[in-house]
Every structure is written in structure tokens, then in C-alpha cells.
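Chains A and B, in that order, give the protein sequences. Position 92 of the first sequence, counted from 1, bears residue number 108 in the numbering used here, the numbering being contiguous throughout. Position 275 of the second sequence, counted from 1, bears residue number 1716 in the numbering used here, the numbering being contiguous throughout.
Hints are computed from structural coordinates only; laboratory data are not their basis. Check each hint, because a few of them may be wrong.
[As the list claims (entries may be wrong)] Straight-line Cα separation of at most 25 angstroms, SDA-like style, residue types lysine to any residue; simulated pairs: (1) B:K1510 to A:Q103; (2) B:K1510 to A:D142; (3) A:K137 to B:K1698; (4) B:K1510 to A:A51; (5) B:K1698 to B:E1513; (6) A:K152 to A:S96; (7) A:K82 to A:L132; (8) A:K137 to B:N1696; (9) B:K1728 to A:D37.
[To be verified] Covered stretches of chain A, going by a simulated chain B footprint (3 or more residues, C-beta under 8 angstroms): (10) 57-67; (11) 91-97; (12) 103-109; (13) 119-128; (14) 132-140.
From the three backbone atoms N, C-alpha and C, an ideal C-beta is built for every residue, glycine too.
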Amino acid sequence: MEHVNTFANIPINVISSPQTDGLILAKTLLHEVQAMLKTLLDTGQNGTLDLRALPTLGAEGYQFLKEKLSLGEVSARIQSFGCSEIQETAYSGIWWVSHYNQDDDLLTELIEVTYLPEILKSPRDDMALSLVNLGKLLNELAVYK
Amino acid sequence: MSNVSKKELRNNIATRLSNHLEIETLDETPLIETLGERLANAGVSRRTFMKYCMGFSAIMAIPTSLMPKLVEAALLRPVTSVVYLSFQECTGCLESLINVFPNTQYKTDSIENILLTALSLDYSETLMAPSGVQAELSRSQAIAKKNYVLVVDGAIPDDKNGAGFFIQSGKTGLQLLKAAATNAAAVVSVGTCASFGGLPAAKGINGLSPTRAISIKAALKSFGGTYATKPVINISGCPPIAEVIAGTLIYWILNKKVPSLDSNLRPKMFYGETVHEECYRKEFFEKDQFVESFDDAGARKGYCLLNMGCKGPITHNACTTLKWNQGTGYPMQAGHGCLGCSEPGFWDKEAIVGQGVGFYKPLDRNTIDD
């Protein structure tokens, strides 16, 4: 009997599992993401895929998508009404966005095709409020000097 | 002790109150607050509100790519005023809405705070602080404005002669509803009682509801004119799922229109499927494996509860998708069948016509598609 001393010698018989509906859907979604990326480059129009609206994707299809898109250079975390995780995938311009609520339950999960996800940008109204608040702080500081 | 009569005493109190009210009303300044201002004043950031709305986008079938635009438009509009009236009800519906997030109720940015900040709840007998004359004043001021959303829970006694089934401040339920519905942009019937009559409309000994209870839609129809055509959204359930009530109100805030409704005027986004469709026990139904008595071998294996009277196949609701108690579960997961609480006339409905009423009477298997 042959000695089992290296990985190559271990007799593993890999059985390719039949493609499930979830996997087929995941591949279709990759095509859709590709089309969105092309549209973004050609016209500047953003695209979004809502993964919660695709219940037939299943755990297998979900995992497939996550593995194939993989991790890119940028990751960000937002702490607002629970946390949100924003991760650029290995494909520039394709972002994986997960929103959680305060109990850390998944609220919604999106694949966004955009230069920068909307949720990361500082909203203009909040910035106007910040300007007022910063002014108040500076006034207070001026009194103490 | 003075011999002041009760009548004089009452007059004195009424005079004092009316003087007080006059001072109060002088202070009334027309203030139109936008949703954006209101959220900022309450310390809710734009990002938080956007995220809250994003959470609803999948269940409301609004594309997430549209959400930033809808949110931006909503922030510039005046805050949606809500007038909440209760008639023949048990307060379970309001309880469902405000108390279903016990894990988050002490956090400042909790879901219910965001919803109650995004809306201006101008009148609700259960939640508001004022009582008596002050409460009456709150209501008359709230319904004098235009374009508020009238939320109603409870059925209405069809009491045109003022027989006394439901009298409040000398007015019958019908009179109160009519006054409140006049300026409302839309009427939201929360719960099965408001939507279809529910328990108060269940048949009594003589085959009639003791209070002749009718649904809010039926009451509005009986007023005729613009009342009959007033947009009505039924959010049925005993009680309805909190996220369904909140989701419908958020849909209104974002779109300022009634969502797509089914033939029973329920939002299709929540009532489009039966609870049977997404039930995890459906695979046993398809294999004809049924629980025959509670705690039998089939029950322990999680078989289908059809023969225990489950009304899932004819009940349209989001229980199996949104679930209850922060997404914990739904009745079938606890081993009990669906009672069919979100369907019209569920108290008196015979599972099979002629076989009598009862929550444990099974439906006819042959009439249900796999």
C-alpha cells in the first residue's frame, strides 16, 4: 500500500455537487453586477442589488458571491442606529454594504456599484448643523480665555 | 363646609378651564416643521434615518437605489401629522407597535424613537399626557389641520341612534370618526377590528354583533360623499406585526401615497402571500405528514399543523417572513397552528361550511394547492 505522507498522496475523491438554484442565481447576479459596472463607467449611473430581496439565493449562492467578489482595499464601519460595514470588493467600484441594527441583527445587505456608497458621504444638512455647533463651541471657548 | 351645589362647582371648574384654555390658544403660532428639521432637533442624523429606511426597502419592494432620492424629498416635506383614534379595541395593536422592541427601548436611537420622531403623533388617547378638556382641545386642533394620517384601531358600533354602545364626550363612535376623517389625507385601520370588525363584530347569541360593530371602511362608506372614497389602508392582524404598521407609515412618509393594496385593502407588500407559502412546515404538508394531536409523534417531529386547525393556507400575512418579537418566530414554530387572525370574519369563519366554528377545526386538505 502506498504511503500516505503528503497531501498529494491522500486519496480524496472530489465529487462536484450538482448546481443548485442558488448557485445559478449567484452567477446570474455576477453578470448583472458586471453590467452595472459598465453602465457606471459609461453613464455615471450607480447600481444596487438588494440581497434581502433575493431569498432564493440561499446560503450556498450567498457564499459563492462573497467568495468570488472577495475583499478589496477599503473597509469602513459606521456607528449609527447599530453598525454598518462597508467593504470594497476585489473589483474596484463594487461595494458590499451590510447594515445591522442595535441588536446586531442584519437589517439589509446590498451590493452597490458606485464610486463611493451614498451612506459614507456626509449629508449636507448634517454638515450645516455641524457648522452651527462648531460655532457654538468656538464661542464657548472664547468666553473662557 | 360651604353649601356650594355640584352644579356651581362644575361651572366654576368649567370657567377656570376655559380661561386657562384661552391663554393657551393665544400662544398658538402656525409652525410648519419639516421632517429634516424635526430629525435634526431630535438628534437623529440623516445617515441614521437613511439606514432605517434602507432596512424597509426590501420588504416594501422599493429599489434601494431609489431610497436616497425618496429620503431627500421626504426630509424637505412637512412632518406627517398622525391622529390616532381608538374605538372598540383592546389596545393590543398599539401595544404591538410601541412595545415590540423591548431590547431597544432604552436606547436613544431605537426604532420606535425614529418612527415617533419621523411622525408627529398629535393625538392618541393612550399615549398622550393631557386628559379631559385639554385632550378634547388637542383633538379639535389636530383635526382642524389638513392632510394628516388618521390611524384607527377598533371597530365602530353602528350606533346611528346614539344607543350608547360607544359614547365619548357625548358623541358616538360614528360622530367621532366622521369628524376626524373629514380632513384626513388617508385612513389607516390598524388591526382586524378596525379593518373588518374583528371580535366586536363576532356574532352573538341572536346571530348579530351585540354592538352592531362594523369596520372603519364600512363606517366611512355609510357617511357617503368624499368619506366613501377616502383612501383606506387596512393593516389587519390581531394584533398586526409591528414592522407592518411601521413599514406602512414609513411608506406614506416616503411616498405620500397609498401602497398597492389587495382586494381587502391590505398592502400587498405585506399581505401578498399566505403564511403557508413561507412556512417551514410546508414540506411536511407536501408529503401529507400531519400532526393529529398535540404532543403526538408527528408534533415532536414538527409535522404540518393543518389537521390541528391551522388556517395558514388561507391567511394572508407576513408572520412567516417578518416573524414576531424582533424576528424570533411565529406560531407554527411554537407548535401551534395559525388562527387566521388577519382575515375578515375570522372569529365566525367555518373551516368547512356547515361543520361549525372553531379554531381547531381543520380546513379541507383537498381544497389547498401544494
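- Query: When you check the alpha-carbon spacing of B:K1728 and A:D37, does it fall within 25 angstroms?
  - Reply: holds, 22 angstroms
- Query: Quick check: the stretch 132-140 of chain A, covered by chain B? Criterion 3+ residues, Cβ under 8 angstroms.
  - Reply: Coverage by chain B holds for the stretch 132-140 of chain A (3 residues, Cβ < 8 angstroms).
- Item | Assertion that chain B covers the stretch 91-97 of chain A - criterion: three or more residues, beta-carbon distance below 8 angstroms | It holds: at least three residues are needed, and the stretch 91-97 of chain A offers 3 whose Cβ sits within less than 8 angstroms of chain B.
- Message: Against the 25 angstroms threshold, does the CA-CA distance of A:K137 and B:K1698 hold or violate the hint?
- Response: violated, 29 angstroms
- Going straight from one Cα to the other, do A:K137 and B:N1696 come out at no more than 25 angstroms? It holds: about 24 angstroms lies between the C-alpha atoms, which stays within 25 angstroms.
- Task: Take the stretch 103-109 of chain A, compare each residue's beta carbon with every beta carbon of chain B, and decide whether three or more fall closer than 8 angstroms.
- Result: violated (count 0)
- Task: Quickly compare the C-alpha distance for B:K1510 and A:A51 to 25 angstroms and report which way the hint goes.
- Result: Cα-Cα ~23 angstroms, so holds.
- Query: Between B:K1510 and A:D142, is the straight-line Cα distance small enough, at 25 angstroms or below?
  - Reply: holds, 16 angstroms
- Annotated coverage of the stretch 119-128 of chain A by chain B, confirmed only when three residues or more have a Cβ within 8 angstroms: The restraint on the stretch 119-128 of chain A holds, since 5 of its residues have a Cβ under 8 angstroms from chain B and three suffice.
- Item | Agreement of A:K152 and A:S96 with the hint, judged by alpha carbon distance not exceeding 25 angstroms | Roughly 24 angstroms between the alpha carbons, so the hint for A:K152 and A:S96 holds.
- Message: For a C-alpha distance cap of 25 angstroms, please report whether A:K82 and A:L132 respect it.
- Response: At roughly 19 angstroms apart (the allowed maximum being 25 angstroms), A:L132 and A:K82 satisfy the hint.
- Message: With the threshold set at 25 angstroms, check whether the alpha-carbon distance from B:K1510 to A:Q103 stays at or below it.
- Response: holds, 23 angstroms
The earlier numbered hints that this structure contradicts are 3, 12.
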